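Position chains B and C relative to chain A; hints supplied.
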Amino acid sequence: MFKKLIEESTGKSPWLFHINAGSCNGCDIELVSVLTPRYDAERLGFQLAGSPRHADIVVVTGPITRQSLNRVLRTIEQVPEPRCIVTMGSCPQSGNVFRGSYAIAGPLSKYVHVDVDVAGCTPKPEAVIDGLALAAKILQEKRRAMN
Amino acid sequence: MDLPFAVEAIKGLFSKPSTAMYPAKPSTAAENYRGRIVFHPEKCINCMMCERVCSGHAITHTIEKTEEGDRITRTFYLGSCTFCATCMDFCNENAIEFTRDYHMIATKEEDLMVSGTFIKKPPVRKPKPAAPAAAKPAEAPAVAKPPEATADAKPEAEKTAAAAPVKSAESAPAVKAEPEKAAAPAPAAAPIEPRDDGKPVSDPSKCVYCGICAKKCPMQAITVDRASKTWTLDEDACIACGTCAECCPKKCIIM
Amino acid sequence: MTTILNALLYLGYILIYPGFLFCFFIGLLLCGIDRKLVARMQKRVGPPILQPFYDFFKLLGKETIIPAAANRTVYLLAPLLGLAALVTIQLMVPVFGFTAFSGMADVIVILYLLLIPALATIMGAAASGSPYAGVGLSREMVTILACELPLLMVLLAIAKSVGNAMGTGLCFSLSEIAAYQSAHGSLLFHPSMIPAALAFLLVIPGETGSHPFDAAEAETEICEGMLAEYSGKPLGVYKLSHAIKLLTMTSLFVALFLGGLGTGIVVLDAVIQVALCTVVTVIMISFVHAITARLRIEQIFKFYWTAVAGLALISLVLAWFGL
Numbered sequence: 009m010f011k012k013l014i015e016e017s018t019g020k021s022p023w024l025f026h027i028n029a030g031s032c033n034g035c036d037i038e039l040v041s042v043l044t045p046r047y048d049a050e051r052l053g054f055q056l057a058g059s060p061r062h063a064d065i066v067v068v069t070g071p072i073t074r075q076s077l078n079r080v081l082r083t084i085e086q087v088p089e090p091r092c093i094v095t096m097g098s099c100p101q102s103g104n105v106f107r108g109s110y111a112i113a114g115p116l117s118k119y120v121h122v123d124v125d126v127a128g129c130t131p132k133p134e135a136v137i138d139g140l141a142l143a144a145k146i147l148q149e150k151r152r153a154m155n
Numbered sequence: 002m003d004l005p006f007a008v009e010a011i012k013g014l015f016s017k018p019s020t021a022m023y024p025a026k027p028s029t030a031a032e033n034y035r036g037r038i039v040f041h042p043e044k045c046i047n048c049m050m051c052e053r054v055c056s057g058h059a060i061t062h063t064i065e066k067t068e069e070g071d072r073i074t075r076t077f078y079l080g081s082c083t084f085c086a087t088c089m090d091f092c093n094e095n096a097i098e099f100t101r102d103y104h105m106i107a108t109k110e111e112d113l114m115v116s117g118t119f120i121k122k123p124p125v126r127k128p129k130p131a132a133p134a135a136a137k138p139a140e141a142p143a144v145a146k147p148p149e150a151t152a153d154a155k156p157e158a159e160k161t162a163a164a165a166p167v168k169s170a171e172s173a174p175a176v177k178a179e180p181e182k183a184a185a186p187a188p189a190a191a192p193i194e195p196r197d198d199g200k201p202v203s204d205p206s207k208c209v210y211c212g213i214c215a216k217k218c219p220m221q222a223i224t225v226d227r228a229s230k231t232w233t234l235d236e237d238a239c240i241a242c243g244t245c246a247e248c249c250p251k252k253c254i255i256m
Numbered sequence: 460m461t462t463i464l465n466a467l468l469y470l471g472y473i474l475i476y477p478g479f480l481f482c483f484f485i486g487l488l489l490c491g492i493d494r495k496l497v498a499r500m501q502k503r504v505g506p507p508i509l510q511p512f513y514d515f516f517k518l519l520g521k522e523t524i525i526p527a528a529a530n531r532t533v534y535l536l537a538p539l540l541g542l543a544a545l546v547t548i549q550l551m552v553p554v555f556g557f558t559a560f561s562g563m564a565d566v567i568v569i570l571y572l573l574l575i576p577a578l579a580t581i582m583g584a585a586a587s588g589s590p591y592a593g594v595g596l597s598r599e600m601v602t603i604l605a606c607e608l609p610l611l612m613v614l615l616a617i618a619k620s621v622g623n624a625m626g627t628g629l630c631f632s633l634s635e636i637a638a639y640q641s642a643h644g645s646l647l648f649h650p651s652m653i654p655a656a657l658a659f660l661l662v663i664p665g666e667t668g669s670h671p672f673d674a675a676e677a678e679t680e681i682c683e684g685m686l687a688e689y690s691g692k693p694l695g696v697y698k699l700s701h702a703i704k705l706l707t708m709t710s711l712f713v714a715l716f717l718g719g720l721g722t723g724i725v726v727l728d729a730v731i732q733v734a735l736c737t738v739v740t741v742i743m744i745s746f747v748h749a750i751t752a753r754l755r756i757e758q759i760f761k762f763y764w765t766a767v768a769g770l771a772l773i774s775l776v777l778a779w780f781g782l
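Chains as they are written, first to last, in our numbering: chain A, 9 to 155; chain B, 2 to 256; chain C, 460 to 782.
Looking at chain A on its own, in the form it has when it is part of the complex (with noise of 0.2 Å):
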């Protein structure tokens, strides 16, 4: 009992950490939106977390510049079991037209899995909530695999 119901909690209270791993501030912004009275994220238990430490779904943006690459991939290893990694925009995915610079140390699933890839450039809040929401339903997937 005790276990099911840190399962079903793990899928209702998912604290995201937010990356801005050389974006541009647009899907920074959107994802700010999420946030605000707007669209309210909060009333599904999305919370902006200040430390990696405390977050469960991090969320990417930007085209992972050689400078970040190793600050991104250590803060993601941060963050503790079960997680869950969210690209945001079109850039962690691909590049998007930063795509082949000597700047840009390519997409994000080089290095770690990605879970979520939420597609847009910059993606419109809604679709920034169906895709937080889909990472929580994978969050809590990956608890039930963790007993």
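I should point out that these hints are in silico values taken from the structure, not numbers from a laboratory. Heads up, a few of these hints could be off.
With a straight-line cut-off of 30 Å between C-alpha atoms, the simulated BS3-like cross-links for lysine-lysine are [as the list claims (entries may be wrong)]:
| no. | chain 1 | residue 1 | chain 2 | residue 2 |
| --- | --- | --- | --- | --- |
| 1 | B | K26 | C | K692 |
| 2 | C | K692 | A | K12 |
| 3 | B | K217 | B | K252 |
None of the values given here were measured: they were computed from a predicted structure.
The following block gives chains B and C in isolation, referenced to the frame of chain A:
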């Protein structure tokens, strides 16, 4: 201490929240929102203009040789797309369309791929199977091109005029003129005739040899020499996309 | 036989009614109500009231990472120490006529016990070895220092006021304060105590680290400060402690200033106490949270040592002259 929001907070407590209850209440995107791409392979003529103009390298294609012709699969990777709609603007055949669907959530990369396959027939073509599809472009620009949708009717009329010759040329029954294809197209006879295979002909009486068509040609099939005043078409490379006719400032190229 | 029964009774006190289980449910519930109402004041829908429960149970199921630089024992024991101290306070605060451990404690003990959760957090933060925690703990210390002076003066004012009436000079005993209030009406309705009550109300958000005074946990600025390195179960215990602290501070306010409203029936008293605690939470935590922005650390200090301490001083002077 100044607390300007005290009244606002109490008001908020007793009024309806201004939250859009999204997952419970679905919402549609704004009118000209550019979301998921829809590709119409039956319209595509593989001019590759979209691939050339795409800033995110999101559009790719594969070619497979079959008996019927080249089997071409064009793929749009939404995870690399900036949704700038340049490909849609450049597509002469209106084969690319942006919809208002913003649900582009994927757990695998394949979920973000939009692709379409079509068979490109070898050069000698029969009367055109794409006649119904070719009829569409005349009315399509009004909906498909957001910046022009509100503009006056003039550009639209031009569009129609530009599209019309293509249509007539394609739907015209194939008349003789087979030997003409082999002949060099550049020094064409004075009253030029549209060719039956849909490829461009330049009218030397109007042409100023500016070379814009050569620059715009996605296949580099046109060579223009200003010094000797020649306009040459590499027939094998030409794919009859119509870009040269569209961009010609003197309107001297006939498809 | 009676000793066994007594032992069982005390065990029940510690584990169930004013103790752990009660604190757990009511604390998290208060926290949920707080979050919901803040959201509503900001014209949002807000999380479900049970959200803190989900958060707590989720954190129990997360991996606990112990930083390489941390002192393992202190790092893991500090949250439990804070929680234990808070539950202890709850056992000693009278619920109108009823006190689980009566006669043992007076206001001074409560004052010290209130320090322990904050000190435990500071210990844990220092043990985690994170620079963010370092910044957070220095701010937390300043916040404690800022709150402590007005709190002390409020308690002195109460002690003097009650002591005057009892003829004992200064009266620090919680049970006597409760008895005095049930005989003479709540202290809140004594004119000389109104500034002190206001000062105490203003201390509540500071003590609980709630919004305008949460420079120590500024999540966007210093990565949640002292909790930066915590994850999983210890973090869950910290979140629980924070929720229980809401209950402790508000029930302390109810015990000290609204003591005379009890009915004598234990169950009914408990309900009234929880209801009053909720009201105080809504006004002092949620409402203040919704309408203010975070203060800088020196602003917090200045605010408490001038405005709040001033209010407390007025009451103290009035009480001293027997008004």
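Just pull the numbers of the violated hints for me, sorted ascending. 1
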